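K.L.:
Residues per chain are reported as follows:
Protein chains: 4
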Amino acid sequence: MVPRYARPAMTAIWEPEARYRIWFEIEAHATQKLGELGVVPASGAKALWDWWATNPAIDVPAIDAIEAVTKHDVIAFLDWVAQQVGPEARFMHQGMTSSDVLDTTLSVQLAQASDLLIADIDALLAAIKRRALEHKYTPTIGRSHGIHAEPTTFGKKLAEAYAEFTRCRARLVAARAEVATCAISGAVGTFANIDPSVEEYVAEKLGLEVEPVSTQVIPRDRHAMYFATLGVIASSIERLAIEIRHLQRTEVLEAEEYFSPGQKGSSAMPHKRNPILTENLTGLARMVRSAVTPALENVALWHERDISHSSVERFIGPDATITLDFALARLTGVVDKLLIYPERMQKNLDKMGGLVHSQRVLLALTQAGLERDASYRLVQRNAMKVWESDGQLSLLELLKADPEVSAVMSAAELEDKFNLDYHFKAIDTIFARVFGE
Amino acid sequence: MVPRYARPAMTAIWEPEARYRIWFEIEAHATQKLGELGVVPASGAKALWDWWATNPAIDVPAIDAIEAVTKHDVIAFLDWVAQQVGPEARFMHQGMTSSDVLDTTLSVQLAQASDLLIADIDALLAAIKRRALEHKYTPTIGRSHGIHAEPTTFGKKLAEAYAEFTRCRARLVAARAEVATCAISGAVGTFANIDPSVEEYVAEKLGLEVEPVSTQVIPRDRHAMYFATLGVIASSIERLAIEIRHLQRTEVLEAEEYFSPGQKGSSAMPHKRNPILTENLTGLARMVRSAVTPALENVALWHERDISHSSVERFIGPDATITLDFALARLTGVVDKLLIYPERMQKNLDKMGGLVHSQRVLLALTQAGLERDASYRLVQRNAMKVWESDGQLSLLELLKADPEVSAVMSAAELEDKFNLDYHFKAIDTIFARVFGE
Amino acid sequence: MVPRYARPAMTAIWEPEARYRIWFEIEAHATQKLGELGVVPASGAKALWDWWATNPAIDVPAIDAIEAVTKHDVIAFLDWVAQQVGPEARFMHQGMTSSDVLDTTLSVQLAQASDLLIADIDALLAAIKRRALEHKYTPTIGRSHGIHAEPTTFGKKLAEAYAEFTRCRARLVAARAEVATCAISGAVGTFANIDPSVEEYVAEKLGLEVEPVSTQVIPRDRHAMYFATLGVIASSIERLAIEIRHLQRTEVLEAEEYFSPGQKGSSAMPHKRNPILTENLTGLARMVRSAVTPALENVALWHERDISHSSVERFIGPDATITLDFALARLTGVVDKLLIYPERMQKNLDKMGGLVHSQRVLLALTQAGLERDASYRLVQRNAMKVWESDGQLSLLELLKADPEVSAVMSAAELEDKFNLDYHFKAIDTIFARVFGE
Amino acid sequence: MVPRYARPAMTAIWEPEARYRIWFEIEAHATQKLGELGVVPASGAKALWDWWATNPAIDVPAIDAIEAVTKHDVIAFLDWVAQQVGPEARFMHQGMTSSDVLDTTLSVQLAQASDLLIADIDALLAAIKRRALEHKYTPTIGRSHGIHAEPTTFGKKLAEAYAEFTRCRARLVAARAEVATCAISGAVGTFANIDPSVEEYVAEKLGLEVEPVSTQVIPRDRHAMYFATLGVIASSIERLAIEIRHLQRTEVLEAEEYFSPGQKGSSAMPHKRNPILTENLTGLARMVRSAVTPALENVALWHERDISHSSVERFIGPDATITLDFALARLTGVVDKLLIYPERMQKNLDKMGGLVHSQRVLLALTQAGLERDASYRLVQRNAMKVWESDGQLSLLELLKADPEVSAVMSAAELEDKFNLDYHFKAIDTIFARVFGE
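Protein sequences, first through last, are from chains A, D, U and C.
Okay, so the first sequence: first residue is 1 according to the UniProt record's numbering, each after it adds one.
Okay, so the second sequence: first residue is 1 according to the UniProt record's numbering, each after it adds one.
Okay, so the third sequence: first residue is 1 according to the UniProt record's numbering, each after it adds one.
Okay, so the fourth sequence: first residue is 1 according to the UniProt record's numbering, each after it adds one.
Here chain A stands alone, though its shape is the one from the complex:
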């Protein structure tokens, strides 16, 4: 975790104190159910909840000190709780294994993290939608291969992002369901020393699903799927970030990240306004993605478990969720305050002397009776002249002056093919598909 790329709500989920609080709740709920089953005295859970009702502080250093001796984190925690609660605490953890607590805790944390991330995406979607509607009909050039292709609108570009993050949201909801399970099934998942109803009870209390069959641990294919999903979302962030970086290039300058008054762009070049937020997002996307491979490597644990996954998760659990949370929020800010320059978009559109209309002319010539290949070569030979003039020549004028073209199409017919609105007639349809309105 790098503090400058972290926000407090997500970071709090991964603090030791938060973890211990979940541990306690799992243990106390389990003890409660064990009491109901008559396995332990009901007084056990009561003592735990009574103490909990006093809203006790969690003394992390004290627990750490015990762990330094026992070299076992859950045992250290249980010892510490026992010190606070007294002898009744001995009924805690009956028939459970450490992983019952640790893995179910990770489920709770990942579910909580997912809730924040889903809210992040909702905020991002709202920002994108607002800007998309604002620029629904702002003409801009569409580019393939970095080369001017045909006109589109800036709102449509944002509609693409909206659709993409809508998919990301659905994936995240599915990923949350993957990891939100509870396992309290003992040392090898046989419930030898604990009744399955304890698992069911704790699951319900924590808002989790029951893990149908666990080993000592919750199977790690779930977590692999989770982090793989975060990696896909990160890639979508990168895509929008790179789009903005392109648009802010000096020669393009169709949009810019908001630049606050006090900000210095460069120690050397005072005129510079750099797309540093979106460049940063590009890097952060790489980092979120970097969690995918170790998460995949974590799946093939040996037999009923080995603990190799644990250190990986201590890194990527916090890092991937905190970084993605930060990145989504940063991207939301970028979109929300993005400086958008329609005049410059129009200027760039006009730059190529009408070449962007060549496809329409090509079609029209074919429809006027020329063979496709002949039409193609006719358009191309004029288009090439425009291209080589760096936008000084006009495709429309050249076509009008080309006798082979004028033989099949009048000047008026040609002019009709150079109308920008022609390209935007389906924008409404697209927006209806994407925004449902």
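I should point out that these hints are in silico values taken from the structure, not numbers from a laboratory.
Since the structure is predicted, the reported quantities are computational estimates derived from the model, not experimental observations.
There's no promise every hint is true.
Each pair may be met inside one copy or between any two copies, as identical chains are not told apart.
[Said to hold, decoys possible] Simulated crosslink set (EDC-like; lysine to aspartate or glutamate; CA at most 16 Å straight-line):
| no. | residue 1 | residue 2 |
| --- | --- | --- |
| 1 | 347 | 251 |
| 2 | 347 | 388 |
| 3 | 425 | 195 |
| 4 | 351 | 251 |
| 5 | 71 | 373 |
For chain A, the structure is supplied; the task is to place chains D, U and C on it using the hints.
P.N.:
For chains D, U and C alone, kept in the frame of chain A given last:
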């Protein structure tokens, strides 16, 4: 694609001929709809379908030869079709862009590949289920950290695999839906030269969903999610493969890959029976996973598209699906014919002198009134003697002879804690959860 | 391997026939040495080499047919050779294990592949150098964050690429040394049944180093380092490819991939000249890099070996080397024929109204006695006006007209700061460092 | 960075204070040289060094507070230094750009980190060597595919690790050289505002090489190579860790991690001694490797730089080096204190009824005149009986009793083939190769 790791049905999806056949169908369906819309004469589609009805061979080398000149694959194909069909073919591809064809084709291929993979998983699930029911109550030692933990059954181990591949199946169905979309929206996705109804028509004919908003291409977050899902499935394959490799170790030998009579295990050591299929699956899992990162890197295409994704997909499209198909089938064969040795499992279970029951004793001592820590140390001091005897000493006998233990538990009570069935009482519950029966 | 991204010389290294030829040489050399040691009759090697001298064809299908029965590739090959050579062939492979042959063969193949790759880099370096010298003093704008920064020369940009690929070459030479080792040490690397001098003899004959200690196999950290190095080289290819893609953007257009007369850029837009080669290189770079993770995962084989690495290497051995070979050659072609537009570079340079000189002015103001912060704000307030004018205003004129500036610097002094040559005075030094001349 | 996987010396390198100290040294050395060149007054450097001689504390929060306003870290630092030193500080940073400082600082940090890592490997090598010599002739079974193969010695296994980490050391030395360069070349690497001799001067003072040609930044292929190398080293750690995990399995138990008296292996199973350190190393290896892909993705920065690499390096710079340092030290401790059980190794060796000698017998039969294939089948049919007896039958006895065998080999000749020392005769040669003594 490595031929030895490929099966014909999956490979056929990726052959040039199969691709061209899909191209044709897309073009012909689109021309049909364009005819209905009056954009082109209805004779265009008729000519195409009439020719198609003759079940013409696809002359791949001829198309390649044209591409060598035009350096553009779709134009080469259209030229070739035009040579076969005649002048009516000029109405093909009206208002479309190459990517409309290429991307929708990839969708069809990935959907077909998914169908094969889903069938593969179904076959694997069937094999696992059969063996799981067969060994529902076959006792075997559960291991954590590679160390004997508590008893479980071999059927329960397989139930874990069944549950895991059931999740993999659901993920694959979701991944199929991610990529099974149709985009026929023109050069920058604005439908400038083609009506959205053409896209809808072709989508329906091909069994795809409409892509709500495309650029020049179908957005690559879909494919990233697809290949990431294959990577997760590969990791689950690796997990089961590694389990079997462990079980086949000389010292463990609880199960073995089927060894055919003529097979030579080693050029040097004629006695060897190596788990080469599952080792191979471990490597194949690495390869399927290796598609994930490039697929994630493919998402952030520039603007309305760049073509960097294309070469990646020419590799990973076939490689990941063909390899995963092969791996699933190989794993199915391994499970189906796996030699399982219950006697050896029992022998290994007995090996540790009853240490696997220590947890039960620990609990019983606590319930008999000892403090948890005292119980723990009491069990541990006897357990350590057994451990150090390499299974020669019996935990039960040592405990009976330990005065501090016998002070709180009788010999009969102790013996009761060493009953194997105690561990299997929830197996039915687990099987009901997993197999629903 | 995707045929369109493969060149014959590299592909040939990975053909079955080539592999079998290396196998034979290893076996025959070993048998020769075993004959010298008196372990087998000298007639064994003689029979082998006599047959080899007839330049026999390798009947790959026949060997495959034997393998289909034995399920063991080396045994199948030995059987086939024995069929050709007769009873004397029984002295082959004495004391060796399959991996002695397989692993040493892979070493030979990777060494051969490295030689081709080194030659590829040499060709690339030559092309870069030629173009760098050609454009040593061609002014162009340097960009950070995609934003105009300060002037540089196009030759200097290419010098950067030259230095980078010089490093890549050195890395490749080191990587070649990593994998060019010979192991003939028996089933677990103890030389139990074969004298170490056989290994030394074969190593020398094949131009390899002796592997100091092997298990059953050559340790895979060597191969991991090899493929990791290829991944780094691929990333350098991507860097230069992306630079060219940026330069070819419609709005920048400072350079273009060579466009052959017959080529069609797009089925829809006849005017388009797309940087498809460099986009393709971007994708190919992703693929070469995708070999790195499985190669790293191959290192931790179990004990003296497991065979999980083998399937991985059947993919990445050919794929990574063939693709990298193709990519290096393609990049060389791109650089060699790159269309470079100095006029457009100048035009872009002029575009920002002299903002690129702001750093010099800032320094001069500081040296003229203003505090750094004051200088900064003085330059910035004028620079911002230029920036917002989209290059219509001139920084030089604004500064001349700014009374706070003219208070400390005369118009002539200011003009002196806008001299382009000022930026190029160290180009010679840089070229001397990079090209050593 | 996860504190429990971090050691102080490595962590200190990445603390803000350490970074600022390097920044100061770079700035002060540069100012010194600029003074010598007459670009700024010599009083500038003097003021800086005089202040530095007072051993001033670095007020990180104060610098952070300035950065919160300027949003630029280097400017914030320069402002803070100026506040401490006074007006003479204005001569700092003349002609430099932020990246000159930042990148050269990263070089220093990575060089320092490398020095610690090299020392770590030296310590690991020493531990491995000590144990290898100790167990040079301790017999143990060599395993391929997890199956008993032929005898080897435990010392030879460790010699393999020694050779592997010797290679890792050499790679790390090379990787250090890759990143230990100094760039002070201005905004786009042209030295427009600063003389190349400043770079040379600072490089020498910091013990770095001059970067022959930089852009605004040091090219990132260097760092990619660096982190790729760390990934390879991590994989070698994983390999040795997995070996130990295998050896500690209940059924194998040839070695164990040291188990301290107070340690509790499991909250549930008091008898358990789990190889948690090596399992942890397996996970840490995954994490170090996870830095490789983002480092490779960092190479293709746009033009003269974009800042996407920066956030990646804020993570992986500390994380990969700190984690690898911790892992190397942990592995050293594991090796150093590893409990090694020669008796158990012998017991396992004896387990297979002499099957491990089958290769020798095979050879002897061939040398006695049988054809290879016949010999193979003869050995195999007896070996299979032994195998199926689970070690109860003896291969030697079966062979003696096999009339086809006794027809060509006497009982005494057969017995001679079952001598363990036969396998160890090259151990000396191997040790001489590996340890050079």
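K.L.:
Each hint should be assessed against the structure and marked as holding or not.
P.N.:
Cross-check of the supplied hints:
For a Cα distance limit of 16 Å, the shortest separation of residue 347 from residue 251 qualifies both inside one copy, at 11 Å, and across copies, at 11 Å. Proximity of residue 347 to residue 388 under the C-alpha cut-off of 16 Å is restricted to the inter-copy arrangement: shortest distance 15 Å between copies versus 18 Å within a copy. Taking identical chains as interchangeable, the C-alpha atoms of residue 425 and residue 195 lie at most 16 Å apart only when they sit on different chains, with a minimum of 10 Å there against 64 Å within one chain. Taking the shortest Cα distances, residue 351 and residue 251 sit within 16 Å of each other both inside one copy (12 Å) and across copies (9 Å).
Taking identical chains as interchangeable, the C-alpha atoms of residue 71 and residue 373 lie at most 16 Å apart only when they sit on different chains, with a minimum of 15 Å there against 77 Å within one chain.
Checked against the numbered hints above, the structure violates none of them.
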